Amino acid sequence: KAGVTQTPRYLIKTRGQQVTLSCSPISGHRSVSWYQQTPGQGLQFLFEYFSETQRNKGNFPGRFSGRQFSNSRSEMNVSTLELGDSALYLCASSLSPQETQYFGPGTRLLVL
Amino acid sequence: LAKTTQPISMDSYEGQEVNITCSHNNIATNDYITWYQQFPSQGPRFIIQGYKTKVTNEVASLFIPADRKSSTLSLPRVSLSDTAVYYCLVVLGDAGNMLTFGGGTRLMVKP
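Protein chains in written order, with this note's numbering: chain A, 851 to 962; chain B, 2 to 112.
Hint data in this document are derived by calculation from the structure and do not stem from the laboratory.
A couple of the hints might just be wrong.
As the list claims (entries may be wrong) - Here are some, though not all, of the chain B residues that point toward chain A, as calculated from beta-carbon distances under 7 Å:
hint, residue
1, F40
2, G44
3, P45
4, I48
5, N58
6, F102
Predicted, not measured: the structure shown is a model, and the values here were computed from it.
Ideal Cβ placement from N, Cα and C applies to all residues, glycine included.
Work out the full structure, taking the sequences as your base and the hints as a guide.
Structural data, given as structure tokens:
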């Protein structure tokens, strides 16, 4: 079975732009979560989706948003990018919200 | 949320057994203990999960005492490729997928 895939793998943007990252979960997995990883803050939870509904949201500003489609694929969007948004953005999927999460390789975002 | 405490770093040599202990004093009845491994610039990889006593898979063993206030991840006969950061997490049994990662333990395996 293919693992979690994330696109793009690398991205360079400038301040003020917006970006959309994509995540395809493992086949059959219906829950998708997003995390941000930076050297200073470590791995932090962004949000969780299940059946196209956001179930939990981490402590991030409204510039960070996401959605989940009927095929369980998910996207996250960051608007008005700031230098501090440079990070590795990780997506994880699980069969359902209380099952083990499996992570994708991440998208490395660099904001200049 | 149950907070976890684990050593910041550990060194070992190839072929040795490595034990990483994690404390989680305020773990709740419904919580599970989960360990992930992460290599630089990659997503965390699930290693093992347990609720109590001992769990073993092809990669590692997880020892959890009766009071569940700590757990020990055991990696048998480590190799250079086991050099990574290991995260201990307490996963809330009824709170969905909001994983809370601590700082992890940076394991360095030397030849």
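Evaluation of the provided hints:
With 7 Å as the threshold, the beta carbon of F40 (chain B) stays out of range of chain A, its nearest partner Cβ sitting at about 10 Å, so the hint is violated. A hinted interface residue such as G44 (chain B) counts as satisfied when its beta carbon comes closer than 7 Å to some beta carbon of chain A; here the least separation is about 3 Å, so the hint holds. Among the interface hints, the one on P45 (chain B) holds; its C-beta lies about 5 Å from the nearest C-beta in chain A, closer than the 7 Å criterion. Restraint check, I48 (chain B) versus chain A: the minimum CB separation of about 10 Å is more than 7 Å; hint violated.
Proximity of N58 (chain B) to chain A is violated relative to the hint, the smallest CB-CB distance being about 12 Å (cut-off 7 Å). Interface restraint check for F102 (chain B): the shortest CB-CB distance to chain A comes to about 4 Å, inside 7 Å, so the restraint holds.
Going down the numbered hints, you'll see the structure goes against 1, 4, 5, while the others check out.
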